Amino acid sequence: DSGVTQTPKHLITATGQRVTLRCSPRSGDLSVYWYQQSLDQGLQFLIQYYNGEERAKGNILERFSAQQFPDLHSELNLSSLELGDSALYFCASSRTSGASYNEQFFGPGTRLTVL
Amino acid sequence: EDQVTQSPEALRLQEGESSSLNCSYTVSGLRGLFWYRQDPGKGPEFLFTLYSAGEEKEKERLKATLTKKESFLHITAPKPEDSATYLCAVPIISNFGNEKLTFGTGTRLTIIP
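Protein sequences, first through last, are from chains A and B.
Here the first sequence is numbered in our numbering, starting from -5 and rising by one per residue.
Here the second sequence is numbered in our numbering, starting from 90 and rising by one per residue.
If you are wondering where the hints come from, they were derived from the structure by calculation, not from laboratory data.
Keep in mind that a hint or two might mislead.
Stated by the list, open to error - Here are the computed lysine-lysine pairs in the DSS-like style, where the Cα-Cα straight-line distance is at most 30 Å:
1) B:168 <-> B:148
2) A:51 <-> A:3
3) B:152 <-> B:131
4) B:152 <-> B:168
5) B:148 <-> B:158
6) A:3 <-> B:131
7) B:148 <-> B:131
8) B:131 <-> A:51
9) B:158 <-> A:51
10) B:131 <-> B:146
11) B:131 <-> B:168
12) A:51 <-> B:157
Keep in mind it's a predicted model, so treat the numbers as computed, not measured.
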């Protein structure tokens, strides 16, 4: 158990819909990262938040957005869903420092299926 | 272009047959190389961090080593429970100018009893 929690575990929805994925980081971690993993793309970085502010961005679609709340939990919002958005979505957290890049600890993931 | 490449894509070993997985990278100013293990449908599990060429880390049957161009994950006398996909990752400056952890495509390891 990494200490990172994600809900829900599974989500089945229809094209055009909007969903929200939730993540709670490990105790004491200020950074939260979101990743998408599909069979043909591997593990792709979406976005990072540090202590409530956006810190880094990957190839995140404009239909996707995220935020980190004062209690440090984070939500990833996916809207106007398409079939191709079906994937595993992982959240990770780390203790970010400036001198070195710290290891990230991953949650169990949310499996999104868009029908 | 900064990138990380893993080989082989898949590896099948008999139980007890030792081998090595490779992760090669082209990054200027390496700020860490990370190894993860991932079981199907589960989140990646952190294994090792390596920061400097010559550094080695060990955990049970696994040993990770680092040179200036690549890292190896050596697995000694593996057991069926070592079957998983092994991922390596390095921080790379993205097109947006920020640093992101970039993963290789992984090596799918199968240990046959």
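A quick look at each hint next to the structure:
1. B:168 <-> B:148: Judged against 30 Å, a Cα distance of about 14 Å means the pair holds.
2. A:51 <-> A:3: Holds, at roughly 24 Å.
3. B:152 <-> B:131: Roughly 22 Å separates the two Cα atoms, so the pair holds.
4. B:152 <-> B:168: 15 Å, holds
5. B:148 <-> B:158: Within the cut-off at roughly 23 Å; holds.
6. A:3 <-> B:131: Judged against 30 Å, a Cα distance of about 11 Å means the pair holds.
7. B:148 <-> B:131: Answer holds: residue 148 (chain B) to residue 131 (chain B) is near 20 Å, not above 30 Å.
8. B:131 <-> A:51: 24 Å, holds
9. B:158 <-> A:51: It holds: about 26 Å lies between the C-alpha atoms, which stays within 30 Å.
10. B:131 <-> B:146: Answer holds: residue 131 (chain B) to residue 146 (chain B) is near 24 Å, not above 30 Å.
11. B:131 <-> B:168: 20 Å, holds
12. A:51 <-> B:157: 27 Å, holds
The structure shown violates none of the earlier numbered hints.
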